[in-house]
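Fit chain P to the known structure of chain S by using the hints.
Number of protein chains: 2
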Amino acid sequence: MLYPELNPPFRILLGPGPSMVHPRVLRVMTTPLVGHLDPAFLQIMSEVQVLLREVFRTTNRLTLPISGTGSAGMEAALANFIEPGDSVLICVNGYFGERMCDMAARLDAEVHRLERPWGEVFTPEEIDAALHKHPAKLVALVHAETSTGALQPMEGIADVVHRHGALLLVDCVTSLGGVPVYVDNWGIDIAYSGTQKALSAPPGLAPMTISPRAEEVLKQRKTKVPSWYLDLTLVQKYWGTERTYHHTAPITMIYALREALRVVLNEGLERRWRRHRRNAELLWQSLEELGLELVVPEEYRLPTLTTVRVPEGFNEAFLRRRLLEDYNIEIAGGLGAFKGKVWRIGLMGFSSQRSYVLLLLAALEDILREMRVLPMRANGNGEEEEPVEK
Amino acid sequence: MLYPELNPPFRILLGPGPSMVHPRVLRVMTTPLVGHLDPAFLQIMSEVQVLLREVFRTTNRLTLPISGTGSAGMEAALANFIEPGDSVLICVNGYFGERMCDMAARLDAEVHRLERPWGEVFTPEEIDAALHKHPAKLVALVHAETSTGALQPMEGIADVVHRHGALLLVDCVTSLGGVPVYVDNWGIDIAYSGTQKALSAPPGLAPMTISPRAEEVLKQRKTKVPSWYLDLTLVQKYWGTERTYHHTAPITMIYALREALRVVLNEGLERRWRRHRRNAELLWQSLEELGLELVVPEEYRLPTLTTVRVPEGFNEAFLRRRLLEDYNIEIAGGLGAFKGKVWRIGLMGFSSQRSYVLLLLAALEDILREMRVLPMRANGNGEEEEPVEK
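These protein sequences, in sequence, are chains S and P. Anchor point for the first sequence: position 350 equals 350 in our numbering, and the numbering is continuous, going up by one each time. Remember, our numbering sits 1000 above the position in the second sequence when you count from 1.
One or more hints might be untrue.
To be verified - List time: in silico DSS-like cross-link candidates among lysine-lysine, alpha-carbon distance up to 25 Å: (1) S/K341 with P/K1237; (2) S/K237 with P/K1341; (3) S/K224 with S/K137.
Said to hold, decoys possible - Away from chain P, derived, C-beta distances all over 10 Å, residues of chain S: (4) K133; (5) P212; (6) P311; (7) Y356.
Claimed, not checked - Far from chain P, some chain S residues (derived; all Cβ distances over 12 Å): (8) G85; (9) E110; (10) H134; (11) D159; (12) G165; (13) W273; (14) E298; (15) E299; (16) N315; (17) F318; (18) K341.
To be clear, the hints were calculated from the coordinates, so they are not data collected in a lab. These numbers come from a predicted model, not from an experiment. Beta carbons are placed, not taken as given, at the ideal position from N, Cα and C, and that holds for glycine.
Excised from the complex, chain S in its bound form (with noise of 0.2 Å):
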């Protein structure tokens, strides 16, 4: 059996991930290979680093892209600090911090959890205080949480965590270039992204960023990291300055990551930041006047995933299949305790535009009207046309 021609939809992306990729980096995966040793390949890596030190505002050596999509970064993170027996405190506001409880726990580390709601965000003494009752090797929070829109501040946290002599291991996939994150400034030790979110590449990356007292712990490590696929002390040997062979790193992302990067730096970060807060209030505002309710307080409201209430009584995945089919606009429903209950709006990257918003507000209202949820427009011959399956 031999099918056709590749001829996807046109999407527009407005969902949690992948956002659309920014035509620059269509562009350059089209190039053609060179190897994974070559000269000039090494040179494209060492670039790489610098531009991901840049946008994670870090001065780290190591700082690299895992060679898989985000979870992998996360895996990463968590499987090259944990040791069998380890205790971890896991900051649990939404689907992300259970991802890492489940990944911590199959490393055999003990986990505690400190858990908030979904949409709620933690205080330096909320964990302060869970560090005083569980002493940990690592404390692990969501920066933004893709499930429920909540970005967490980060002022006072890696004091806290320092003073108990733990690392900090922050989630940055939702973040890293569209949201200030200042990997430095804010003490993190361990920090992943992913590719395909406010950097606009395709998925298949996940840039990493350890401190240097991170990497020290990780040299002390009494056991092999039990992933080698992803174990940075081997990992670090080909990005480093031995460029011992691991594993084949996936040219063509490298490529894409690069222009990527470039066209952050580009744009500059803080516009960037600017741009994707100036976006994300339009949307929110306009939301709030077609009479949605928006999940999070905009005190901790995150400009890259909104998350919008349900209204009660809704078919929720209908309205979503309506975006797609007739306005080829992609947004999501909720996960986990969300589920059926938000719809997830995403302004990631490219896809962080004025007029995207406008057109989604839009196509929202036509569905809206249409669902008699909205007042309807009359129509050319001044009869309302037949409502449709709510």
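Chain P alone, transformed into the frame defined by chain S:
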């Protein structure tokens, strides 16, 4: 710091991988993304699975690409079927057999090694004897050893392995799409490959297939798979009928794989295997005519990867550097036990072309004359040129 636009040299890739990516595959990589849960993408995933089954020559339901390079495929193959304390038999006759031992030990397996010198292969009788000595849950071997250029004959292996109640795991990284692979007929339970060898897509995915027998073993696990990212009990829910979100699929790489598989099946597997053999035979004969010695006896010689013995006292890196810098041709040196002792020449996928073989031979002849390994050609004015560093 902003680097200039991406501009790597154009190389003819005749190393152990990546091979040259087929132009049609590069082209589809500019396709704008759809979401990883878009119905259009789910359809593409299903198509990729159908195409993969054809290329693997299998009807295995559980056939899908792992979201990482070939080594992630190796790790997934081991991690999903090994539980702590399980006895495994690993056949080691090269670098990648060694790597499997390393990975299996990290998974707390009881690892038994069956060894042959690098460049040799195993008989079913040896495996039978080894299993009598150390019963095992799983027997792992490398079909095409990229480090040695040996092709493991598969006849009779599964019979022995299954008679002992074990699963047969086979590394097909450098064989799939280039030399015959018959997963079902050969009784293979777990096979994986990489996209960047004879399939001629960029590195970044590991096609994998799991027999119903192995699926049953997976289902009976008492412990969770230690790697969440590679956990097939979760990954299969996304690739199966449930379509449950696990991690964001590397969408562009899936596009690339789909196109690469279409190219493979458009040529036809048998024709493709014959092309690989024909071009390899031209290479072998010509290398021997140049006075070079091939490491692996013809009987077990791998068409996709040829190892050439470095003549005594020869600076092997110099020759590779000249090929790369002056002819834009990449070949590789040896790994591990073969470091400094062999060259590795790959003819895989799009790189397996008569023209490239002829060009490589012409370039080699040039360099060997210059190095005075072959007699000099007279230059324009009848004098010999100065010899160069040897």
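Task: 25 Å Cα cutoff - pair S/K224, S/K137 - done: OK: S/K224 and S/K137 at ~17 Å, within 25 Å.
TODO: May I ask you to check that S/P311 keeps its beta-carbon over 10 Å from the closest beta-carbon of chain P?
DONE: holds, 23 Å
Open item on the list: Hint check: S/K341 vs P/K1237, CA-CA at most 25 Å. Holds or violated?
Closed with: The given pair, whose Cα atoms are some 23 Å apart, holds under the 25 Å limit.
Task: Minimum Cβ-Cβ distance from S/F318 to chain P exceeds 12 Å - done: holds, 15 Å
Task: Assertion that S/P212 lies farther than 10 Å from chain P (Cβ) - done: With a cut-off of 10 Å, S/P212 remains clear of chain P, as the shortest Cβ separation is near 22 Å.
TODO: Compare the distance between the alpha carbons of S/K237 and P/K1341 with 25 Å, and conclude whether the hinted pair is satisfied.
DONE: holds, 23 Å
- [ ] Check the non-interface label on S/N315: least C-beta distance to chain P beyond 12 Å or not.
- [x] holds, 17 Å
Task: Outside-interface status for S/W273 - nearest CB in chain P farther than 12 Å - done: holds, 18 Å
Open item on the list: Beyond 12 Å on every Cβ pair: is that true for S/E299 relative to chain P?
Closed with: holds, 29 Å
Open item on the list: If I take the minimum Cβ distance from S/K133 to any residue of chain P, is it greater than 10 Å?
Closed with: holds, 26 Å
Task: Status of the stated non-contact between S/G165 and chain P (beta carbon gap over 12 Å) - done: holds, 27 Å
Open item on the list: Please check whether the beta-carbon of S/H134 is more than 12 Å away from every beta-carbon in chain P.
Closed with: Holds, because the least Cβ-Cβ distance between S/H134 and chain P comes to about 23 Å, which exceeds 12 Å.
In this structure, none of the earlier numbered hints is contradicted; all agree with it.
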